[in-house]
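Please take these sequences and the hints and turn them into a complete structure.
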Amino acid sequence: DTGVSQDPRHKITKRGQNVTFRCDPISEHNRLYWYRQTLGQGPEFLTYFQNEAQLEKSRLLSDRFSAERPKGSFSTLEIQRTEQGDSAMYLCASSFLTGLRETQYFGPGTRLLVL
Amino acid sequence: DAKTTQPPSMDCAEGRAANLPCNHSTISGNEYVYWYRQIHSQGPQYIIHGLKNNETNEMASLIITEDRKSSTLILPHATLRDTAVYYCIVRVAAGGTSYGKLTFGQGTILTVHP
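Protein sequence lines correspond, in order, to chains L and S.
For what it's worth, my numbering labels the leading residue of the first sequence as 64, then goes sequentially.
For what it's worth, my numbering labels the leading residue of the second sequence as 5, then goes sequentially.
The hints are simulated quantities; they were obtained by calculation from the structure and are not laboratory data.
Heads up, some of the hints might be wrong.
[Claimed, not checked] Straight-line Cα separation of at most 25 Å, SDA-like style, residue types lysine to any residue; simulated pairs:
#1 S:LYS7 x L:THR101
#2 S:LYS56 x L:THR166
#3 L:LYS120 x S:TYR50
#4 S:LYS73 x S:PRO12
#5 L:LYS120 x S:LYS73
#6 S:LYS7 x L:GLU107
#7 L:LYS120 x L:ARG164
#8 S:LYS73 x S:GLY33
Here it is in structure tokens:
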């Protein structure tokens, strides 16, 4: 257990529905990342926050995806109008940036299945 | 970030050392080498990272060649629970608001046999 928690751990939804995932980072970690992992592949970066500011978004993050980190604490990732191609493991990681050193600690992930 | 090359799979006998190689011939001077592993259906687990000196912690040792073009992760006494996908990642030092993402490749599937 790294101290990063994600909820829910599993989500099954029907195509076209909206889903929201939550990530609680390690306390006082100032950076929070979202990744997506499909079967047989390594995780792929989606977006990240430094405190409450969303500093970078991958081209993988279509208009249907939105992420927030209010008050620089927990974060939510929402997928609107889900598609079958959104089925994947969604991973959250947090880190504390000190100078040039940073280590990201991952949560257990939320596994999404879109029917 | 520099690209890494790892063998797709390796085997190791329980109790023996597991040596996992990684090539990163285009690494830049300000890029770190990170190792993570992922046990089936879990989130990636941080193992170790280094810049140019060899590093050791309670989990593993990281040996980086002098020219920094390759590295080896050493698990000194592999157990069955070390069976996982091991990812070698090269990433630029993250300062200020600079980009800190990790770029995962396919990794090496390490299987530890009894």
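Practice item. Check each numbered hint from earlier against the structure, then list the numbers of those it violates in ascending order. Key: 5
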